[in-house]
Every structure is written in structure tokens, then in C-alpha cells.
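Colleague: Fit chain B to the given chain A structure using the hints.
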Amino acid sequence: MGSVFRLIVKRIGMGILTLFAISIIFFLGVEALPGDLAEEILGQNALPETVAAFRKELKLDLPPHERYVAWLGDLLQGDLGKSLANGRPVVDLVGWRFANTLFLAASAAVIAVPLAILLGIIAALYRNSWFDRAISVATLSTISFPEFFVAYILIALLSVQLIIFPSISNINDQMSFWQKIHAIVLPCLTLTLVVVAHMMRQTRAAIINILASPFIEMARLKGIKRTRVIVMHAFPNALSPVINVIAINLAYLVVGVVIVEVVFVYPGLGQLMVDSVSKRDIPVVLACGLIFASIYIGLNLTADVLSIISNPRLRNPR
Amino acid sequence: MAFFKLLRKSPIIARIGLAMILLNIAAAILAPVIAPYSETEIVGDVWMPMSSEHFLGTDHIGRDMFTRLLYGARNTIAIAFVITMFSFAVGISCGFFAATLGGWTDLIISRLVDILMAIPVLIFALVVLAIVGNSIPKLVVVIALLDSTRVYRLSRAVAMDIEVMEYVEAARLRGEGTWWLMRHEILPNALPPLVAEFGLRFCFVFLFIAALSFLGLGIQPPTADWGGMVRENSGAITFGIFTPLWPAGAIAFLTVGVNFIVDWFLHVASGLKD
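Keeping their order, the protein sequence lines are chains A and B. For reference, each letter of the first sequence is one residue, going 48 to 365 in our numbering. For reference, each letter of the second sequence is one residue, going 2 to 275 in our numbering.
In case anyone wonders, no lab produced these hints; they're calculated from the structure. Treat the hints with care, since some could be wrong.
To be clear about the criterion: a stretch of chain B counts as covered by chain A if any three or more of its residues have a C-beta under 8 Å from a C-beta of chain A, and this derived list gives those stretches [claimed, not checked]:
1) 229 to 239
2) 250 to 257
From the structure, some residues in chain B lie toward chain A, with a derived Cβ separation under 8 Å [claimed, not checked]:
3) Ala79
4) Val83
5) Leu130
6) Ile132
7) Gly217
8) Pro245
9) Asn260
10) Asp264
C-beta atoms are modelled at their ideal positions from N, C-alpha and C, and glycine is treated no differently.
So here's chain A without its partners, still in its complex pose:
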């Protein structure tokens, strides 16, 4: 077990290092801005005093390395700075929106993961049947559709033609759990459709890959029952690739959620980030970017750790 533990610690260390590197890149990006950030954002006509105050606010009066350390220190203590647009602390803007985004993404994941795995396994077991072909064309099309196309079709059908679900998913704290669920049905459905398509295709490919390997053929030739071959021989080996598929697609939700939130005017982190980019509210954008980045890296990390644990071959590299 010692080597597994060391491998996992090493992998987690790599993840943290990557996050660290990304924070440096973001910082250098702001740094490399042609001219002065303060003048760029405040405009040509800003008063010198305003510019000076703004520079102090962003700590632009310090040398770069000191500024980076100060910025990172604040970040680690949970101080994300102040919004340039309205002067409010970024933490206040981000906090509840982040919870909303997690709520939406988790609801989509709860539906999508079991559904996709089930469909993927069925399609792999009955390969080249009409079911497999139909589902393959359907998923290939869904993958090609941009998220907003799927979203608007769902709105046109379920909220304009049949007036069942709202086309704007505004949720707040006064609503009960079920009211919230009703409000997010359409964005949740959009995300589910897109993610299921990806996840199902990859699950199918992973299972087919295993079913084609020699040890499965061997088991069949020995005359073992089909269900036993699948449960005892194929399943343990499929676990690691399937866990990977789940984690990768949950990470994909991070991107999908940005666009879906904009379509449905959902008060989440993605919506906030897009608004802040057009306002060029850099502290807010950086905070959102770092949150999304850490979730993404965290999910990939989880996938790696789980596959190290579930796959004995990975425990002894080389």
C-alpha cells in the first residue's frame, strides 16, 4: 500500500503545482497588459487622482514579485479583492452564485451519470443492433450541437409551445426546494442531454475495448455464462476507464454551465464571469477563473486517484 499512497500524494502535489502555475500565468497576463491597466480601464479622461487611487487599489504601485506574493496571500486567506464595477468584495458576489452553480451542476450530474452509463453498457453489449445505431447517430448529432441550440429548442418546445417550465430560471433563497427544482428543469435538461451524449459514447467505447480483449474471449471459450463473464471478468476491468469517463465529463460540465447559465439567465458563477468579462472587471474574472480552474483540476485529480486505486496495473509503473 505504501507505493500507492506515494503515487497518490505525488499526483495531488502535481495538481497543486499546476494550479499554482495557472495563478502565475493569470497574474503575468494582467502584468503584460500594454500600457497601464488603470488608464486602460478608467479611460483617457480619468483624473490623475482617480488613476493613482485605482493603482493603489490594485497594488500597482508595488514591484511585480511583491504584488504577486501579496495577491496570492490574500487569495489563500479568502480575500479575493474588490470588484472594479461596484466596489463590493468579490467574495460576496461569488459565494451564493457559486452555490447556485453547484446546485445546477449536481442536479444535472445526478441524472446524467447513471443514465449515460446504462445506455453506454447496453449499446456496447448489443453492438451494431438498431438500438446501438440509433443511439450512435443521436449522440453524434447532440455532440455537434452547440449547447445554446439544444437550450433554445427545449425552450421553444417546453416553455413556449407547451407552457410547462419557465424559460428564465431565476432562483432565490425564499423558494422551497421543489420550486427551485421546477425553475431549473430546463437548464438541467440541457446540460444532461449534452453530457449524456459525450459520456455514453465514451462508456460504449471503453466497454467495447474491454469486450474485445483476449481474456474475455478466453472466458467465453471456457464456456462461462454470459452474465458471469460480464459481471466477474469485464466489470472490474471496465471500472477504471468508466470512472475516468465520469470525471472527465463532470469536468466538462464546468464549461457547459457557463453557456447554459447565460441562456436561462440563471444567477450562477458562469453568468457572473461572462458579465464581468464584458465589463472588464478583472478581479471578479480572475476569481471566477481560478474557482473554475480548481474544480476542473480537482475533478481530473479525483479521476486519476480513483483509477490508481481501482487498477492494480497503475500501482506499479514500469
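Modeller: Below, chain B without anything else, positioned relative to chain A:
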């Protein structure tokens, strides 16, 4: 000729895909000829229904939707194409350099690419666009550089395989320079997988631009582009007017076409029979 031979054996899905792409390219090239009005001309009322004068109705400020859709094809496809070319130029040259030079060059570029690939392109692009601001040239550079990381991975891997071949060794012993090796020995042999990848990358870039424009951060109005047109007209959907579905559908149409072809390409390349 080999292409036509391959086409004759292709499954029906791939042929449909090819037809879909050709239709889009024709629309993009012939836009000024076919389009009944000009790109930004206001010709009618807001959100007029389909009629013989306006095939697909009008948009949120009374421009002809059919005309906008044709010009949108032109702008969106052209920009996506330029970005993909740029991304391949950067990705391939960095990848080949890393593979032929090895050592520190390889190590530094590869680690940098690992970091850039560790988070989603959309998140990275949003942060960068917030910092540098927004215009078409900036958009092209930012997306091309982010996308070139994927091209780099592939071209480095392919070049690594070719680099150890005897004919490369022979050329090197002959005293040819790195640049010559890359152009005359590695590039011709690495071309087939890179061409297949081009289709995939184009599709990705195209969808990405559409998504950015939809978020209001890509190509700016009044230039017609499909993602932006969905955004501009999105309000119509709640009145039961389906105008925004036209450009959104056009995006889906083109990417489905490319994916049909790529799917078949991958199938052929993998050498599977069933």
C-alpha cells in the same frame, strides 16, 4: 484520384456530411451573389414572419434574416478557418522543434502546454479576453494560441515517431539543418494524421467562436455571425417566434456535417472492419 476512390467506398453518412459542408462553403463564397439585400441594410419591420420577400423573416432590428445567415456563414467560417490555420502553423512548428531538438526545448514547451491544457479553453479564453480586451485580431491570436496546444501534442507525438527513422538519421548525418529536416523529412510523413486532425480542430474552433459570440464576447455587431445572431434574436423565442433557431440550426448543421466526415475518417484510420 485516391480521394474519389475513397469516396466511392464511403458510407452514406459520410456522403451526407460532405454535401452538408459543401453547401455551407458554397453559401459562404457566393453570399454577395445570392443574398437579396446587403449585410447591414434595414429592410423591414422587426421580426417579420417568413414571406416571399424575406425567406426567413427579419431580425430584431428589421434586417433580412436570410441575407444575414449567408454573410454569417462567410464571416464565421472564414474566421474559424484563419484561426485553425494559425493554430496549426504554431502547433506544428513548436511540435516539430520540440521533437527534433529534444532536451530543454522539448521540456519547457511541453510543461507549458501541460499547464495550458490543464484547464478548459473557455475559462482560459474568458480570463485572457477580460485582460486584453476584445477585437477580431485579438480573438484570432488568443484562440489560435490556446488551440495550438492540442495541435502541438499531436504533431510532437507524430514527429517523435518519424524522428527515429533511418532516413532522418541519414539526412542528419549528411549535415542537413533542423529546419531542412522538419520541412523535407518530417512534414511530408506527418501530414495524413494532421489533416484528419484539421477537421476536428476546425469544428472545435468554429463551435468555440460561435459560443463566444453568443456570450457577446466574440465577433461584435453589426458584423453578421451565427453565434451573435442567436444572441441578438434570443428575446424572440419567448414570443413564440423561432428566428434565433435559424442561425443556431446553421451552426449545428455545419458541425454535424464535419463530425459525420471525421467519424468516418477515424473509422478508416483505425482500420476496423465492423
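Colleague: So, as I understand it, the hint says B:Leu130 touches chain A; can you test that by seeing if any CB pair is closer than 8 Å?
Modeller: holds (6 Å)
Colleague: Does the region 229 to 239 of chain B contain three or more residues whose Cβ lies closer than 8 Å to a Cβ of chain A?
Modeller: Satisfied; 4 residues make the cut.
Colleague: Given B:Val83 as an interface hint, is the shortest Cβ-Cβ distance to chain A below 8 Å?
Modeller: violated (20 Å)
Colleague: Return the status of the interface hint for B:Pro245: holds when the least beta-carbon distance to chain A is below 8 Å, violated otherwise.
Modeller: holds (6 Å)
Colleague: Checking hints one by one. Is B:Asn260 an interface residue toward chain A, by the C-beta closer than 8 Å rule?
Modeller: holds (5 Å)
Colleague: For the restraint on B:Gly217, tell me whether the closest CB of chain A is nearer than 8 Å.
Modeller: Holds. Min distance 6 Å.
Colleague: Three or more residues of the region 250 to 257 of chain B near chain A by CB distance under 8 Å?
Modeller: With 5 residues close enough to chain A, the hint holds.
Colleague: Using the nearest Cβ pair, does B:Ile132 come within less than 8 Å of chain A?
Modeller: Nearest chain A Cβ about 5 Å off; hint holds.
Colleague: Going by Cβ atoms only, is B:Ala79 closer than 8 Å to chain A?
Modeller: violated (19 Å)
Colleague: Checking hints one by one. Is B:Asp264 an interface residue toward chain A, by the C-beta closer than 8 Å rule?
Modeller: Cβ of B:Asp264 sits 6 Å from chain A, so the hint holds.
The earlier numbered hints that this structure contradicts are 3 and 4.
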